[in-house]
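**Student:** Each chain, letter by letter, is given below.
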Amino acid sequence: DAGVIQSPRHEVTEMGQEVTLRCKPISGHNSLFWYRQTMMRGLELLIYFNNNVPIDDSGMPEDRFSAKMPNASFSTLKIQPSEPRDSAVYFCASTTTGVGTDTQYFGPGTRLTVL
Amino acid sequence: AQSVSQHNHHVILSEAASLELGCNYSYGGTVNLFWYVQYPGQHLQLLLKYFSGDPLVKGIKGFEAEFIKSKFSFNLRKPSVQWSDTAEYFCAVRRGGSYIPTFGRGTSLIVHP
Numbered sequence: 180d181a182g183v184i185q186s187p188r189h190e191v192t193e194m195g196q197e198v199t200l201r202c203k204p205i206s207g208h209n210s211l212f213w214y215r216q217t218m219m220r221g222l223e224l225l226i227y228f229n230n231n232v233p234i235d236d237s238g239m240p241e242d243r244f245s246a247k248m249p250n251a252s253f254s255t256l257k258i259q260p261s262e263p264r265d266s267a268v269y270f271c272a273s274t275t276t277g278v279g280t281d282t283q284y285f286g287p288g289t290r291l292t293v294l
Numbered sequence: 257a258q259s260v261s262q263h264n265h266h267v268i269l270s271e272a273a274s275l276e277l278g279c280n281y282s283y284g285g286t287v288n289l290f291w292y293v294q295y296p297g298q299h300l301q302l303l304l305k306y307f308s309g310d311p312l313v314k315g316i317k318g319f320e321a322e323f324i325k326s327k328f329s330f331n332l333r334k335p336s337v338q339w340s341d342t343a344e345y346f347c348a349v350r351r352g353g354s355y356i357p358t359f360g361r362g363t364s365l366i367v368h369p
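If you're matching them up, the sequences are chains A and B in order.
In short: position in the first sequence from 1, add 179, done, that's the numbering used here.
In short: position in the second sequence from 1, add 256, done, that's the numbering used here.
Simulated from the structure, these hints should not be mistaken for laboratory data.
Cβ coordinates follow ideal geometry from the N, Cα and C atoms, glycine included.
Any given hint could be a false lead.
To be verified - Non-contacting residues of chain A with respect to chain B, defined by C-beta distances greater than 10 angstroms in every case (computed):
{"id": "1", "residue": "A181"}
{"id": "2", "residue": "G195"}
{"id": "3", "residue": "T199"}
{"id": "4", "residue": "K247"}
Stated by the list, open to error - The calculated DMTMM-like cross-link candidates involving lysine to aspartate or glutamate, where the alpha carbons are at most 20 angstroms apart (straight line), are:
{"id": "5", "chain 1": "B", "residue 1": "K305", "chain 2": "A", "residue 2": "D236"}
{"id": "6", "chain 1": "A", "residue 1": "K203", "chain 2": "A", "residue 2": "D236"}
{"id": "7", "chain 1": "B", "residue 1": "K305", "chain 2": "B", "residue 2": "E320"}
{"id": "8", "chain 1": "B", "residue 1": "K314", "chain 2": "A", "residue 2": "E223"}
{"id": "9", "chain 1": "A", "residue 1": "K257", "chain 2": "A", "residue 2": "E197"}
{"id": "10", "chain 1": "A", "residue 1": "K247", "chain 2": "A", "residue 2": "E193"}
So that you can see chain A by itself, here it is in the shape it has in the complex (with noise of 0.2 angstroms):
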C-alpha cells in the first residue's frame, strides 16, 4: 500500500494567490482528516470527514479555507486568497471507523510557504 499521499510537498506562492492541496487517502478508509502544524500552534485539526461527509470543520480558520471530497479517493484543501500566517505544513490523514480500526495514518505533508 502506497499510503497517504500528498501533493505537492512543497508550495511557494505569494500573498492573494489561491493555493490547492491534495491527498488520496489509503484505499478502503472512510475517515479523513486535515491538520495544520506550526511552531506556535502545534498540530491542529481543520476539518473531518467520514464517508466523504464534513462532519467537523470547526477547525477551519476562516471563509478563505475551504476542503472537499468530492469522492472515496481525494479530497482537496484551498486557501483563496492566502496570506503570509497560512504559512505551515498541512497534513492529510485517514482511518477506517471502528473498534481496534481507528489509527490515523498520515502523509508525508504539503509545506506551505506564503510570501
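Chain A is already provided as a structure; the job is to place chain B on it using the hints.
**Tutor:** Positioned in the frame of chain A, the structure of chain B alone reads:
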C-alpha cells in the same frame, strides 16, 4: 473542552539515558490514547496506542507507555534512548465514541551520541 498537556517541550539526553515524556489529559470518561513520533522532515507515525486492557502498552522501537486512569496520564517511556530517537513526540487523546483525536503540543527530543 478536552485538552492534552505535554509538559516537557524540549528534552535533551545522551545516548543510553532513560526517557520519560509526560502526557496528561482533561477528559474524565472513556478515552483512547496514542503516542505518535515525527522524525525530522517526516510525517507522524504511530508508536503505540491504548484502547482497553493492560494499562502498560508496548510499542515499536522499545517504547512503552502506561495508562494511569486516576492521574489522567499516559506517559511514554524508553529505558535506553538512541541517537535515532531524535524526533518530535505527540500524545493524542480521543474520547470513547468520537473519531476526532486531540493532540498535545509535542515534545522535541534530542539525543546526543
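**Student:** The structure should be examined with respect to each hint, and the outcome stated for every one.
**Tutor:** Checked hints:
Every C-beta of chain B lies more than 10 angstroms from that of A181/A, the closest at about 13 angstroms, which supports listing it as non-interface. The claim that G195/A is not at the interface with chain B holds, since no C-beta of that chain comes within 10 angstroms of its own (minimum 29 angstroms). Under the 10 angstroms C-beta cut-off, the non-interface status given to T199/A relative to chain B holds; the minimum distance is some 20 angstroms. Against the 10 angstroms criterion, K247/A stays outside the reach of chain B, whose nearest CB is about 19 angstroms from its own CB.
As the CA atoms of K305/B and D236/A are separated by approximately 26 angstroms, the hinted pair breaks the 20 angstroms bound. Restraint check: the Cα-Cα separation between K203/A and D236/A comes to about 19 angstroms, which is no more than 20 angstroms; the hinted pair holds. The straight-line distance between the Cα atoms of K305/B and E320/B is roughly 9 angstroms, inside the 20 angstroms bound, and the hint therefore holds. For the suggested pair K314/B and E223/A, the alpha carbons sit about 27 angstroms apart, so the restraint of at most 20 angstroms is broken.
Of the pairs offered as hints, the one joining K257/A and E197/A holds, with about 7 angstroms between alpha carbons and a cut-off of 20 angstroms not exceeded. Annotation: proposed proximity of K247/A to E193/A is violated, straight-line Cα distance about 23 angstroms (limit 20 angstroms).
The structure does not agree with the numbered hints 5, 8, 10 stated previously, though it agrees with the rest.
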